[in-house]
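K.L.:
Listed below, chain by chain, are the residues.
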Amino acid sequence: MNWEPLATWLETTILHEWMVNFYWMFPLMETLHFLGLSIMFGALLLIDCRVLGLGKFINMKAAMAFIPVAIAAFAINLISGILFLAADPFNYLANLVFQWKIALIIIAGINALWFWFGEHEELSRLADGQDAPYRAKVVALISLVIWVLVIIAGRMIPYGPGGSG
Amino acid sequence: MDFLLWYENGPLGAFVRESLWGYPITLSSHAVGMATVMGVVLALNFRVLGYAKNISILAFDRLFLVGWIGFAINLLSGLVLFAGSASSYVFQGTFQLKIGAILVGGVLMKLVMNSVRENKSLTVQKALAATCVACWVVGLVTGRLMAYLV
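Each protein sequence line maps, in turn, to chains A and B.
So my numbering is basically just the index in the first sequence, starting at one, shifted up by 11.
So my numbering is basically just the index in the second sequence, starting at one, shifted up by 8.
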């Protein structure tokens with residue numbers, strides 16, 4: 012994929028200016044990114060662990076209230092993530108680990124859509140203590156595994172081959 | 009100080025400073041453990057603060073097991089990272105604040121759960137939960153800023 016036009020354009024944006032001109036922007040966004048990932052992972056842990064059978068007496072329908080929490084936290088991380096990308100687009104886009112991370116997020120996104128459209132309704136009807144269907148457990152397990160890999164990939168970006176950042 | 013230098017100059021210190029994958033692998037584990045501990049702490053306290061009221065807090069606390077696994081990952085990976093430059097970390101304000109915040113945050117988490125089990129007033133439960141969240145957030149922020157502030 013030819014990402015160079017995207018990188019060239021990103022460097023002309025105001026986002027790039029902010030990230031480069033204010034030395035505190037990068038650490039501030041990193042901190043928000045960490046807070047966002049913690050909130051999001053916590054929300055997913057709650058829902059996915061319940062589906063997998065840990066904390067079976069957590070009311071499944073009520074636990075779904077943490078879906079908007081996960082989405083809001085993801086939005087924080089999408090915004091701070093775009094700012095990192097705008098700061099140094101050539102290095103990020105050329106970085107193999109960054110490319111993996113984006114691919115993993117897309118897979119996690121598809122899995123989340125499957126959860127929402129394929130499992131959510133049936134799960135909402137579960138009684139407290141009742142086991143979730145097998146297929147929903149697979150979706151929950153995939154969700155946790157992929158997001159753990161996303162976190163690992165994110166933390167590995169500075170050491171990834173391709174970019175020099 | 010002698011102990012710190014001994015620890016720093018031992019094999020763990022060398023692993024973090026010199027091996028190709030030592031630092032990135034330990035750092036990644038620390039991020040996963042952080043997400044797990046922070047995730048459980050935040051979700052639980054959100055519930056105590058009044059979000060998603062239909063979840064029974066006592067059913068919720070089964071997740072503590074997961075939180076403790078995250079904590080163990082971070083205690084171990086933290087000790088390995090600490091070996092990287094133990095003798096300077098101890099003097100770093102952000103590090104001191106981070107450790108202090110986590111200790112206080114841990115005690116507060118216990119107090120929050122006690123206040124729920126003993127049916128203390130909602131005001132007490134919520135005040136404890138809010139303070140607990142604040143401590144853990146300080147722990148996370150100072151941890152991240154250790155890379156920038158001495």
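Quick caveat, the hints were computed from the structure, so don't treat them as lab data.
Some clues are possibly wrong.
As the list claims (entries may be wrong) - Derived coverage of chain B by chain A (criterion: at least 3 residues anywhere in the stretch with Cβ under 8 angstroms from a Cβ of chain A; other residues may be distant):
{"hint": "1", "segment": "47-60"}
{"hint": "2", "segment": "70-83"}
{"hint": "3", "segment": "142-149"}
Ideal Cβ positions, reconstructed from N, Cα and C, are used throughout, including at glycine.
K.L.:
Checking each numbered hint in turn, tell me which of them this model violates, lowest number first.
P.N.:
Violated: none.
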